[in-house]
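*Asks:* Here is what each chain is made of, one letter per residue.
Protein chains: 2
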Amino acid sequence: MPATSHIEKHFTASESVRDVVIGMADGLTVPFALAAGLSAAVQSTDVIVTAGLAEVVAGAIAMGLGGYLAARTDAEHYAAEESRENYEIENIRAREIKEVETLFRGYGLEGNALQNVVNAIASDRKRWIDFMMRFELGLERPDPKRAPVSAATIGGSYIVGGLIPLIPYMLVRDIATALQISIIATGLALLCFGAIKGQFTGVNKLRSALQTLLVGGLAAGAAYWLAHLFG
Amino acid sequence: MPATSHIEKHFTASESVRDVVIGMADGLTVPFALAAGLSAAVQSTDVIVTAGLAEVVAGAIAMGLGGYLAARTDAEHYAAEESRENYEIENIRAREIKEVETLFRGYGLEGNALQNVVNAIASDRKRWIDFMMRFELGLERPDPKRAPVSAATIGGSYIVGGLIPLIPYMLVRDIATALQISIIATGLALLCFGAIKGQFTGVNKLRSALQTLLVGGLAAGAAYWLAHLFG
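Quick mapping for you: the protein sequence lines, in order, are chains A and B.
Numbering of the first sequence is given in our numbering, commencing with residue 1 and proceeding in unit increments.
Numbering of the second sequence is given in our numbering, commencing with residue 1001 and proceeding in unit increments.
In case anyone wonders, no lab produced these hints; they're calculated from the structure.
A portion of the hints provided could be inaccurate.
What the hints assert, rightly or not - Here are the computed lysine-lysine pairs in the DSBU-like style, where the Cα-Cα straight-line distance is at most 30 Å:
(1) B:Lys1126 x A:Lys98
(2) B:Lys1205 x A:Lys145
(3) B:Lys1098 x B:Lys1126
It should be emphasised that the depicted structure is a prediction, and the values quoted were computed from it without experimental measurement.
Working from the sequences, and respecting the hints, build out all of it.
*Replies:* The structure is reproduced here in structure tokens:
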């Protein structure tokens, strides 16, 4: 068995894939639902296209900048916790040692074996901090370059996803026809997107495709019903 | 020093707070930006209210169900990885032992001390699996009840956030006046929300408040500009 097989089997969605999924899931759903909803309430595709594009740009910026700030907050949170661990190892060393002991006692270590592990980890400050960050707090060091890439990926995916339901309203002037084409185009896109998402998250592809279609359909149905009430 | 102080110092946003933040960040931003954008393009507050409510319900469903499915996927992913670790411990035990060894060698353990730790962890199958899940894969056991609660929290927060910018358009028929009230009300809400978010994520409250306001303002400005071009 090749050495890489183990890693491949445990493959989970990379952060970029996760960002595409975050952006596209909402991008395919909300502008589609908004346009479908407005189809029940207005007389001109112009209003639908204007509202749809305003929503797409607002959503892309809100989600993209939101992702940027979240990634930055993660990095700051990590740095703050790291310097706190450093401070604690410096100033309340005895209690930090106890924390490592407690952790390994939970895995059945006792006596000399326990002391050996704790001494080994505590012998190197940098390693000790790394251990506490990972195993006590469950934090992984974030990639400092991730924030802008994450923002662009989420925002771009939202725009790509959001244009699919809107293009029919740009090309066809009859609202009912445009709505039908938008439903078919977006339905297919949701199915494909759901299947690809399933592939990356390890969920059954068919189920993921149908679930994604269902979310889009429910959102659009509710928006249509609400706009119909008010329109 | 009381026993809880250490936990409190390391306090990070709970999952419910995170869900409120996810829902409200977008809820306060996107409907506000959409309404502001449409103010530049349409002649009636009715269209703005209809489009805004359609967006709010679509966004709440898309984000809420998205959160539901994400929480479910996390739980399934954990279960799948857990049964894989179980299989590997059963069938390729020698390699799993090596993985534990490698992990502790990275923390400076050698010889007998290393063997003692590895033996202790490998002596109890359940504990061993738990160890691999947490320390090799970095996965924590998800709470099975989280999915529906997460969905309702995200969706509800989106609706609460989204109604704030829309209410002025429901009460005032003059678009320019409604837009001004909406900007002031949403601006204040974004500042408060940003400050509270800063409190929970450990970021400076003033900076978090201004950042949140900036995201909302940029999204609304871009939507306004785009709708103005097309309207």
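*Asks:* For the pair supplied as a hint, B:Lys1098 and B:Lys1126, is the alpha-carbon distance within the 30 Å limit?
*Replies:* With Cα atoms ~18 Å apart, B:Lys1098 and B:Lys1126 stay inside 30 Å; holds.
*Asks:* Within a Cα-Cα threshold of 30 Å, do B:Lys1205 and A:Lys145 meet the stated pairing?
*Replies:* At roughly 24 Å apart (the allowed maximum being 30 Å), A:Lys145 and B:Lys1205 satisfy the hint.
*Asks:* Would you mind confirming whether the straight-line C-alpha gap from B:Lys1126 to A:Lys98 stays at or under 30 Å?
*Replies:* holds (24 Å)
When the structure is compared with the earlier hints, no violation turns up for any of them.
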